[in-house]
Each structure stands twice: as structure tokens, then as C-alpha cells.
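Add chain B with the ligand to chain A, keeping to what the hints say.
Chains as they are written, first to last, in the numbering used here: chain A, 1 to 200; chain B, 1 to 369.
Just so you know, the hints here were simulated from the structure itself, not pulled from any lab data.
The C-beta atom is built at its ideal place from N, Cα and C for all residues, glycine as well.
Worth double-checking, as some hints may not be accurate.
Said to hold, decoys possible - Covered stretches of chain A, as calculated for chain B (at least 3 residues, CB under 8 Å):
1. 109-120
2. 145-152
3. 155-168
To be verified - Here are a few chain B residues that sit away from chain A, every Cβ distance over 10 Å (derived from the structure):
4. T54
5. E82
6. A122
7. L156
8. F203
9. L216
10. G282
11. A301
12. V363
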Amino acid sequence: MALPAPVQRLIAELTKLPGVGEKTATRYVLFWLQRSPNAMKDLADRLADAAGSVRPCLVCGYVAEAERCGFCEDPARDRATVCVVESVADVLAIERVGEYRGLYHVLGGVLSALRGVGPDHLRVAGLLDRVAGGEVREVILATGADAEGETTALYLARALGDRGVRVTRPATGIPMGSSIEFLDAVTLMRALRGRKEIGP
Amino acid sequence: MRLLSLDVAGFRNIAGAHVSPGPSLNLVVGPNGQGKTNLVEAVAFLSWLRSFRTSRSADLVARGGTRAVLRAESEARDGRHEVAVEVGAGVRRARVDGHPVRSARECLGCLTVVFLSPDDPAILEGGPDGRRMLLDRTLVLLDPSRSLALSRYQRLVKERNALLRQAADAPGDPHVIEACEAALADAGALVARARVEVLDRLFPVLAAALRDLSGLDLEVRARYASRWLPGAGADARSALRESLRRHRPRDLAAGHTGVGPHTDDVEVHLLGLPARGHVSRGQRKALMLAWKAAETTLFAADRGESPVLVLDDALSDLDPERQERLASWLTSYPGQSFLTATTAPELADTSVVRLRAAGGSFVAEGMIR
Ligand SMILES: [Zn+2]
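With the rest of the complex left out, here is chain A (with noise of 0.2 Å):
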């Protein structure tokens, strides 16, 4: 006998997450199902926790309790420099090293015309007007050192040619084709350091 239709509904769900196929999500399914009978409900009570009380920051598209996220709210980051990485898992990254003290702008992915994204997509427009406020001086363009990574970076660098902040990118040490998520802390450290200013 198959599993009733709303546990295969839920098993369909869980395989949309990075990493986990069918197999993968039968298991956590199955898990929750012989727990308890309130672990699903709890599950479900944290996700709809979550679903209503964050959103991505306005600001930088990080993540954010109010209108503002953590960063863009505190008065210790240095407002002149922002860092623009493609994900929330590369601000993690970043954070992880404790080093760096700016602030960020998730672009929410990279340029790829074969997937379809172009500018409109990535969180660049709100970029151009953080650095049209006057507070940025430095933009450091931290997306991966993949093909699609490497274009957005030149992509924005030329964006941002004329508008007489200092863009930079972290070069040094970091392999062709990795991307920022998977670095660890001494290369991601190594690199923001070893930074050089790119033209358009």
C-alpha cells in the first residue's frame, strides 16, 4: 500500500532542498511520523514562525526580522564599504572569518543568460542606489570565481564604473570555479585582504 497522498505531497516538498533526493526525504518524513505525535505540528509551528516574521532586508536582501536586517542596523559596521556576495550562505561564510566589518548586498544569485537571469532579477538596481546615497566608498565584489560569477563581477564593476566609489575584488589564492560558500576561513580571509581594485 503507497503512502497516503499528503505524506507523498510532503516527501515531494522536501525534495526541492539542495542535496536531498526522494530517499533522503522518505527518511525526515518517516522520521517525524514515528517521533511523536507533535513533531510534525511543531515543525510546522517553526515554519510558519519563520515564514511570518522575516523577510529579506530592503537594504542589503539579507535576512531581517523588520525592514532592516542586523547589519544595516548596526551602528558598529563600518557603513563605507559593502560587500556584494551572491547568497545569504556567502554573508555566513564572511562572518564565519569575523573579520570583515562592512556591510553587504545579496544579489540574490548570479547573471547566467542560459538560465534566464539578467540584472532585473539580481538585486542590482537597489545596489546602484545604495552607492548613489554618498555613504559607500568601497564596493567589494566578493560573487564566486565561476564563469557566471566572474561576469556579474565585471558586469558590476562597469555598472558602477562612473559613479566614484572604489570597487575592488577579492582575488588572491581563490581557485578558478569555486564560489564563496566553500572557501575556508584562512583562503576567504587571504583573499578579502589581498583585494584589488578592478576597472570596468
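Positioned in the frame of chain A, the structure of chain B with the ligand alone reads:
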């Protein structure tokens, strides 16, 4: 570097075979259709994670099966390794020493195979794409990290082509294609400069190998033919960027990128004449053998160990004297080698192992360790 043992299961006509090759020349002999080529294809697959005969995984799976499994134990300078591969329709999984790997770059250090397929000599006659592929294989063999620049370049050409097609419908932000071209020029300059560098290193060694294999002093030369690449010393990156910009109107109309390393060619000249159209079948074969021999020499010079050399059906199209020369060159090859043939050449060397193929099974004769 050598293969200590090889297990093949469900791969083409090989239901299940275990082979322990000898440390020097291994002659894989038997009538056609008995699995000789399939066995050496498996050896090459374990190194490059791809077949040089087909790009369809399904072709590799034995009829009626769903998965082919290959496993090799190899010995390199840094120790022993185990490479395992599973192939099926839409499936290609590889592990080196138990760790999953995604590209040949990660396998080549543990088991490096230089492979000559019977179709390779025709590359000299065909279109430029075959010769680019041949040279790119040499690039990656000598420095596996170059596969990153190559695949990045290929990816960016596809990106630019997609942008060109999108722009035909609605012109978008011009910075996007400019950025793509800048990235493309970075990767393309790396690829082209590496190709020229490798070609310059390869050909003097190839000429010497051709002398050994043919017994004739045939003047052989190669030129990297490119419509955009400036001479050594000039800035290749700026040149490609400029060419892409100039080509853009034409490319917009065509919907694809018409200039760059993916349109370049390798012109081979034998005795001053272009190899394309002017050389015999036998000469083409000798040239390709010399190319592969030169690869092994350069690899050994860089790494201090010889790659495993696999020659599939290398004796055909050679006259008896050249066959003898090849056989004697192979017996003095410093590393491990495999040669497939319908009839085994007479070789006095006692270290030669004969693997007799029959119906997808292989029986070792001669020295076995
Ligand atoms: Zn924020």
C-alpha cells in the same frame, strides 16, 4: 604509473573480467569482436571519466544491463590508488580512494592514460574541431588544472551565444554582453596561449618520435592558426576582446560567436605540405602515434613518471617495417602500455604479457605477476 589490476563488469560485451596486467607491454590479442577495444576503452575511461568512442553513457552498458562498473587499482609515484566508476543512462559516478570525484582533473593524478583510438588519425583529415580537441587533450594531460579554463571558456561562449539570441528579441543592458566578453577574453586568452605553448613544446619531441617510429627524417611542423591571436608578447586578452566587439554585429545576426579559440585550428605540415589532403593513411597513423609518444615523453619530463600508454589497433595501416619499429619502441617504453591487435607481433621480450580476448573474457599468457 601503472595499473595493478582492473575489474570490468557489465561494460559493453564484457560481462565480468578481472585482469592483472604486466608492468610493461600488454598485448591484448584476439579476433575482432571479442572485447579487445572494450577492455582498453575501460582503461582510458578510468583515467578521463569519458569514452573516446561515444558520448552516450547508454552505449557503454552491456545489453540488457543498467549499469557498468569499472574498478582499477593503480600505482603512482605518490602511492597506490583505487579508482571506481559506475556508468549508466544518465549516471556517471566516480570515486578515487573512496572519495567521490566530479571531473577527470581529480582522477588523472592517480591514473594517467594516453590513448590512441583507431579513429584518431582521421582527425588530421577532418575539420578543425577534431584537432582542437586533440590538442586540448594534450593540454589537460600535461596540466589537468587547464581543464578549468577550457570548461569556463566553453561555458562563456554558450553564455554569449544566449545573450546574442536574447538581444535579437530585445536589446538589454549593454554592460551585460560587455562583461561576458571581458570574461570570455580572459578565459580565451588563457586557452589560446596554453595551446600555443603546448604545441611549441610538443612538436620538436613529436618530430623525434616520428623519426624513431618511421625510420625516416620527415620534417614535421605545426602552426596554431587563429584569426585573432596576436604574436607572442602582445596582449592576447585585449586582442580577443577587441575581436569580439568588432564581430558583435555579425554575431548578433548569426546568433552565435564567430571568433575565438573555439574557431582556431592546428595546421600540421609534413615535408612542407599541409597534412590535410597531402599525406597517406600510413603517414597519418605514424603522425598520430608520434603525437601520443610525444605526450608520454613530455608528461614523463614534467612528472618523473610515464603515463599508461594505450594503443588501440595501432599496427593496422602500417607496413611490416613500421610495425616492427612500433613493437620495438613499445618494448622499450619506460612505463606500462597496452596494444590491441588481431595477431600478436613476435616479440622476444619476456616481460610482455599477452591477454587473449575471447567473448569478453581475457586470459593472461606469458609473465604474470
Ligand atoms: Zn540589510
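Results for each hint:
1. Restraint check on the segment 109-120 of chain A versus chain B: 6 residues with Cβ-Cβ distances below 8 Å, three needed, restraint holds.
2. Check on the segment 145-152 of chain A: 6 of its residues sit with their Cβ under 8 Å from a Cβ of chain B, so the three-residue criterion for coverage holds.
3. Residue count for the segment 155-168 of chain A with a Cβ under 8 Å from a Cβ of chain B: 4. That meets the three needed, and the coverage hint holds.
4. Every CB of chain A is more than 10 Å from the CB of T54 (chain B) (nearest about 25 Å), matching its label as outside the interface.
5. The non-interface label for E82 (chain B) is consistent with chain A: the shortest C-beta to C-beta separation is roughly 25 Å, beyond 10 Å.
6. In this structure A122 (chain B) is separated from chain A by more than 10 Å, as the shortest Cβ-Cβ distance comes to about 32 Å.
7. Its closest Cβ contact with chain A, about 5 Å, brings L156 (chain B) to no more than 10 Å, contrary to its assignment away from the interface.
8. In this structure F203 (chain B) is separated from chain A by more than 10 Å, as the shortest Cβ-Cβ distance comes to about 28 Å.
9. Residue placement check: L216 (chain B) keeps its beta carbon more than 10 Å from all beta carbons of chain A (closest about 43 Å).
10. With a closest Cβ-Cβ approach of about 42 Å to chain A, G282 (chain B) is found to remain outside the 10 Å limit, as its non-interface label requires.
11. With 10 Å as the threshold on Cβ separation, the claim that A301 (chain B) sits away from chain A holds: the shortest Cβ distance comes to roughly 25 Å.
12. With 10 Å as the threshold on Cβ separation, the claim that V363 (chain B) sits away from chain A holds: the shortest Cβ distance comes to roughly 41 Å.
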